[in-house]
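With the hints as extra help, turn the sequences into a complete structure.
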Amino acid sequence: MKRLLLAFICLSAVVQAQAPDRTRPPQSGPPPTLKLPGIQKRALSNRLPVWIVERHEVPVVHVNLVVLGGSGDDPQGKFGIANLTASLLTEGAGSRSALEIADAVDFLGADLETNSGSDSSAVRLNVPVARLGAALPIMADVALRPTFPQAELDRQKVQRLTSIIQARDDPSAIDQLAFARVVFGPTHRYGTAQAGSAQNISAFTVEDVRAFYRATYQPANSAIIVVGDVTPDRVMPLLETSFGKWQGGSASAQHPTYQAAPLPAERQIYIVDKPGAPQSQVRIGWVGVPRSTPDYFPITVMNTVLGGAFSSRLNLNLREKHGYTYGAQSQFDMRLNAGPVVATAGIQTDKTADALKEFFLELNGILQPVPADELTRAKHYVSLRYPLGFETTGDIAARLEQAVVYHLPDDYFSTYVQKIEAVTAAEVQRVAQKYIVPNKFAVVIAGDRAAIEPGIRALNLGPIKIMTVDDVFGPAPAVPR
Amino acid sequence: MKLATLLTSVALAAASSAIAQTAPTKIELPYTQFTLANGLTVILHEDHAVPLVSTNMWYHVGSAREKPGRTGFAHLFEHLMFMGSGHVKPGEFDDWLEGVGGTNNGSTENDRTNYWINVPSNAIELALFLESDRMGYLLDSATPKTVEAQRDVVKNERRQSYENRPYGQAELLLGELLYPEGHPYHWPVIGYMPDLTAASYEDVVEFFKKYYAPSNASLVVAGDINPATTRKLVEKWFGDIKPAPGPEPINVPGVALTGVTKKTVTDKVQLPRIYLAWLTPPHFAPGDAALDMVADALAGGKNSRLYKRLVYELQIAQDVQAYQASQQLSSYFLIQATARPGHTVDELKKVIDEEIAKLQTVTPDAHETERSINTIEASFFKRMEQVGGFGGKADQLNAYYTATGDPDYFNEDLSRYRAMSPSDVRAAAVKFLPLDRRVELTVMPEGAK
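Taken in order, these protein sequences are the chains called W and L.
Using our numbering, you'd call the opening residue of the first sequence number 1 and step up by one each time.
Using our numbering, you'd call the opening residue of the second sequence number 1001 and step up by one each time.
Keep in mind the hints are simulated off the structure, nothing from the lab.
In this text, a Cβ means the ideal position worked out from N, Cα and C, and glycines have one as well.
Careful: at least some of the hints might be erroneous.
To be verified - Footprint (simulated), chain L over chain W, 3 or more residues, beta carbon under 8 Å:
id, segment
1, 93-105
2, 122-129
3, 157-163
4, 168-174
5, 305-315
6, 320-331
7, 387-400
As the list claims (entries may be wrong) - Some chain L residues near chain W, calculated using beta-carbon distances under 8 Å:
id, residue
8, His1087
9, Trp1096
10, Glu1125
11, Glu1157
12, Arg1340
Said to hold, decoys possible - Result set (DSS-like, lysine-lysine): computed pairs, CA atoms no more than 25 Å apart in a straight line:
id, chain 1, residue 1, chain 2, residue 2
13, L, Lys1431, L, Lys1358
14, L, Lys1232, L, Lys1242
15, L, Lys1308, L, Lys1350
16, L, Lys1145, L, Lys1210
17, W, Lys419, W, Lys35
18, L, Lys1302, L, Lys1349
19, L, Lys1145, L, Lys1067
20, L, Lys1268, W, Lys465
21, L, Lys1089, W, Lys321
22, L, Lys1262, L, Lys1350
23, W, Lys157, L, Lys1308
24, L, Lys1236, L, Lys1089
25, L, Lys1308, W, Lys35
26, W, Lys357, L, Lys1145
27, W, Lys157, L, Lys1382
28, W, Lys465, W, Lys357
29, W, Lys440, W, Lys419
30, W, Lys357, W, Lys434
31, L, Lys1349, L, Lys1262
32, L, Lys1145, W, Lys321
33, W, Lys321, W, Lys357
Below, the structure is given as structure tokens:
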């Protein structure tokens, strides 16, 4: 029957002269190259750098003030202070209260977001360009003249402590923090949530916030990124008015460096019990690399083969072949200090042990040479879509922020594609063998212990340690009412 | 959704200078539209900002078309659309696209299923080939085995997105509480586990033949294209797909709540949460836009009425949200709030009801309404930047075409909000948010009294 049908299709193909040849996929022409948006580098009279990229398709603009200090700079005992400081910037500034700032910003149809990550903090304005002149002074107040009212600090504390209570209910959040705590420990900054522990949060004072602000938010430590429907001639005078008189002390001290824990002598399994959970949240990995690694490009290609794309090995195996999960991935989280490398998935509870077997099959498999066609596909996946990642003003602003924070070279964007394409199979194998260490990686699982422990034990992967939610988050916070 | 991830050349009638406030900026999206002989509607839109082409296919079928005992099937079917077709073996769809630097995904809602492919512009023909092959020849490749494989994936999607997520089960219950048994919005899009187990290969054949006809779909090709060349390519790849009768229009009687429906469930959470929901007019019907304004007045930003009282002043809630969920047959308006430790949903409900009553009796001041309009207007500009993917321009053109017959309905849509007055906002709250005709769903911590 199938043959008959095929013959019929062939016949109709003859009749319909236009029917296309579907026997092989159409070939694509030469790939388009990246037309890099020109970065116009200027500075204000106080030497604050300004990077401008013009994009005139839509009448909106991003203005991002990037400050080179983040939670990685939190002092010992004050984990969470960078994150709290950034949040409090919009809670009172200049002559305005928190509600007045929000009203003024919303009335302009603007978004004004403050945020801190591991390595930097930022005040980001996104506004219809017609209202840029009205929005910039508010942004400058928020960035340069925050008032840090005590009542707002108290509000933020309750908000944050309540968030921890909520995170303690969420298997995904539990596993993420449990993994960080196992790999980095309690004194390394990356072993505690960006917002800090309940103990940290409860102890913060306005003076803590002011001290972090003074040490970090300095013009010598900052840059402004502008992307959108503006010209330098139009935007520079506005920026000069709002930010040109910003003076401060010397640039901040060196960022703290953290000595990451060495690989353990043997593989350890950690289980956080979530009775009745229908899935096990699984994370497998250890300390990876800093953003400055010379292995950035080979690692990017290797991770794409392993778990960075839909057709990566982990996903094809755990999802498409076995149906154990909705999706499996791997990732290198690169920061100023070495961040984690992790393979992860949410696995249906009764397949947890089976899935661990497949995880380790793939983690061991990536140590072997990658076949040429698979390598080429991974390289093309990364390199050929790279030019598409400069589409929106937000995309471009985010990439420029990365360039500022990690001191990427001027030719970074223009040479990215060729550097990916130049990665060899030997380099991929070398970085896999260097950074993927299946027999020593930690395995951290949040799931139904009674249901999964026997199967995991039978795999003999290593000693099993049971963690409680308190081990992960510290004691449950008491929230002021 | 196939895999959860996370996301114009606008011709501007008014110059976007500092004085643009005087005349409202008009948003227009130039496009070309034509229909193939087999009934497929095609919409083309040029944007050369980056060398990207996005194909965006909407099939006008969603979970509302499912039959009893087969809930979740429209979404399971969506997964099968990535498993290969007559001339594409399982695995090759993603293999080939990733090999040219492409990405793709799809999603299912009550009323529609969408699929998009983003590729560098040199690979446009590969995207059209793949999209057309699964429209024309899916059944040459689908087998009971592919159904089996994706059934397990979809069950894990349900576990990950709902069952193992705090408060996830509440989302699954809302439809059941709002819509009567038999109404096409009564069951959740993700479906019930036993129905996912029961789905068969025969169901796939039937569903494909009934709903995946070219005349029941619309295709947008947007980005770095030449419209004339692209039209020829679309005709080449989609022209030979056989026409088939589309489904009869869906026809359901109007629905209304006649009283308060209360339900309390427990979950593995420590903080109680309340959901208040009302049945409201369909997308683009009178009242729909006003309810977006009501949502912004209630919970859009720190100065919104509910945020300010519950979270900022009284500090008895951790969060509050309100939105009008606009849908084709019937919309609903939802308010949800999570209690802080030591506080109860009754405390939250009391304040929420006070604020609704206040909005119903006192006309908002002009500043508040203008703030909402400005926020919504800015969101329209921001929606003009991305071509492909979920919520990109291609997706929006298809959404507007599907809902109104006009792909470039941006300006008409925005005009609905620009025309709003404070008394319109109040009137919508009066008419559509009666305190005595709604759903009250409470999630309580397990073991709590």
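These are the hints, each one checked on the structure:
Using a Cβ-Cβ cut-off of 8 Å, 4 residues of the segment 93-105 of chain W lie near chain L, which meets the minimum of three, so the contact claim holds. Requiring three or more residues with a Cβ within less than 8 Å of a Cβ of chain L, the coverage given for the segment 122-129 of chain W holds, as 4 such residues are present. Restraint check on the segment 157-163 of chain W versus chain L: 4 residues with Cβ-Cβ distances below 8 Å, three needed, restraint holds. For the segment 168-174 of chain W, the proposed coverage by chain L is satisfied: 5 residues have a C-beta within less than 8 Å of a C-beta in that chain, meeting the threshold of three.
Given as covered by chain L, the segment 305-315 of chain W passes the check, having 3 residues with a CB less than 8 Å from a CB of that chain where 3 are the minimum. For the segment 320-331 of chain W, the assignment as covered by chain L holds, since 8 residues bring a beta-carbon within under 8 Å of that chain's beta-carbons and 3 suffice. Note: the segment 387-400 of chain W has 7 residues with beta-carbon separation from chain L under 8 Å; the three-residue rule is met and the coverage holds. A distance limit of 8 Å between C-beta atoms decides the matter here; for histidine 1087 (chain L) the minimum to chain W is near 4 Å, and the interface restraint holds.
Hint on tryptophan 1096 (chain L) holds. Least Cβ distance to chain W is approximately 5 Å, under the 8 Å limit. The closest approach between the C-beta of glutamate 1125 (chain L) and any C-beta of chain W is roughly 4 Å, which is under the 8 Å cut-off, so the hint is satisfied. Look at glutamate 1157 (chain L): its Cβ gets to within about 4 Å of chain W, closer than 8 Å, so that hint holds up. Here the hint on arginine 1340 (chain L) is kept, as its CB sits about 6 Å from the closest CB of chain W, short of 8 Å.
For a cut-off of 25 Å, the pair hint linking lysine 1431 (chain L) to lysine 1358 (chain L) stands: about 14 Å separates their Cα positions. Distance check on the hinted pair: lysine 1232 (chain L) and lysine 1242 (chain L) sit about 18 Å apart at the alpha-carbon level, within 25 Å; holds. With a CA separation close to 15 Å, the supplied pair lysine 1308 (chain L) and lysine 1350 (chain L) stays within the 25 Å bound. Distance restraint check for lysine 1145 (chain L) and lysine 1210 (chain L): the Cα-Cα separation of roughly 22 Å lies within the 25 Å cut-off, and the hinted pair is therefore satisfied.
With a CA separation close to 17 Å, the supplied pair lysine 419 (chain W) and lysine 35 (chain W) stays within the 25 Å bound. Straight-line distance between C-alpha atoms of lysine 1302 (chain L) and lysine 1349 (chain L) comes to about 19 Å, which keeps the hinted pair within the 25 Å bound. Note on lysine 1145 (chain L) and lysine 1067 (chain L): the hinted pairing holds, with a Cα-Cα distance of about 22 Å set against a maximum of 25 Å. At roughly 24 Å between alpha-carbon atoms, lysine 1268 (chain L) and lysine 465 (chain W) fall within 25 Å of each other, so this suggested pair holds.
Only pairs whose Cα atoms come within 25 Å are accepted, and lysine 1089 (chain L) paired with lysine 321 (chain W) is accepted, the gap being roughly 14 Å. At most 25 Å may separate the alpha-carbon atoms for a hinted pair to count; lysine 1262 (chain L) and lysine 1350 (chain L) meet this at roughly 15 Å. Between the alpha carbons of lysine 157 (chain W) and lysine 1308 (chain L) the distance comes to roughly 17 Å, so the proposed pair stays at or under 25 Å and holds. Between lysine 1236 (chain L) and lysine 1089 (chain L) the CA atoms are separated by roughly 21 Å; this keeps the pair inside 25 Å, and the hint holds.
For a cut-off of 25 Å, the pair hint linking lysine 1308 (chain L) to lysine 35 (chain W) is broken: about 46 Å separates their Cα positions. Note on lysine 357 (chain W) and lysine 1145 (chain L): the hinted pairing holds, with a Cα-Cα distance of about 23 Å set against a maximum of 25 Å. Of the supplied pair hints, the one linking lysine 157 (chain W) and lysine 1382 (chain L) is violated, its CA atoms being roughly 33 Å apart against a limit of 25 Å. Taking the CA atoms of lysine 465 (chain W) and lysine 357 (chain W), the gap is near 19 Å; set against the 25 Å cutoff, the hint holds.
A threshold of 25 Å between alpha carbons decides the hint, and for lysine 440 (chain W) with lysine 419 (chain W) the separation of about 31 Å lies outside it, so the pair is violated. Between lysine 357 (chain W) and lysine 434 (chain W), the direct Cα distance comes to roughly 21 Å. Compliance with the 25 Å bound is thereby established for this hinted pair. Distance restraint check for lysine 1349 (chain L) and lysine 1262 (chain L): the Cα-Cα separation of roughly 13 Å lies within the 25 Å cut-off, and the hinted pair is therefore satisfied. Distance hint between lysine 1145 (chain L) and lysine 321 (chain W) is fulfilled; the C-alpha atoms sit about 11 Å from each other, no more than 25 Å.
Distance check on the hinted pair: lysine 321 (chain W) and lysine 357 (chain W) sit about 14 Å apart at the alpha-carbon level, within 25 Å; holds.
This entry does not satisfy hints 25, 27, 29, going by the numbered hints stated previously.
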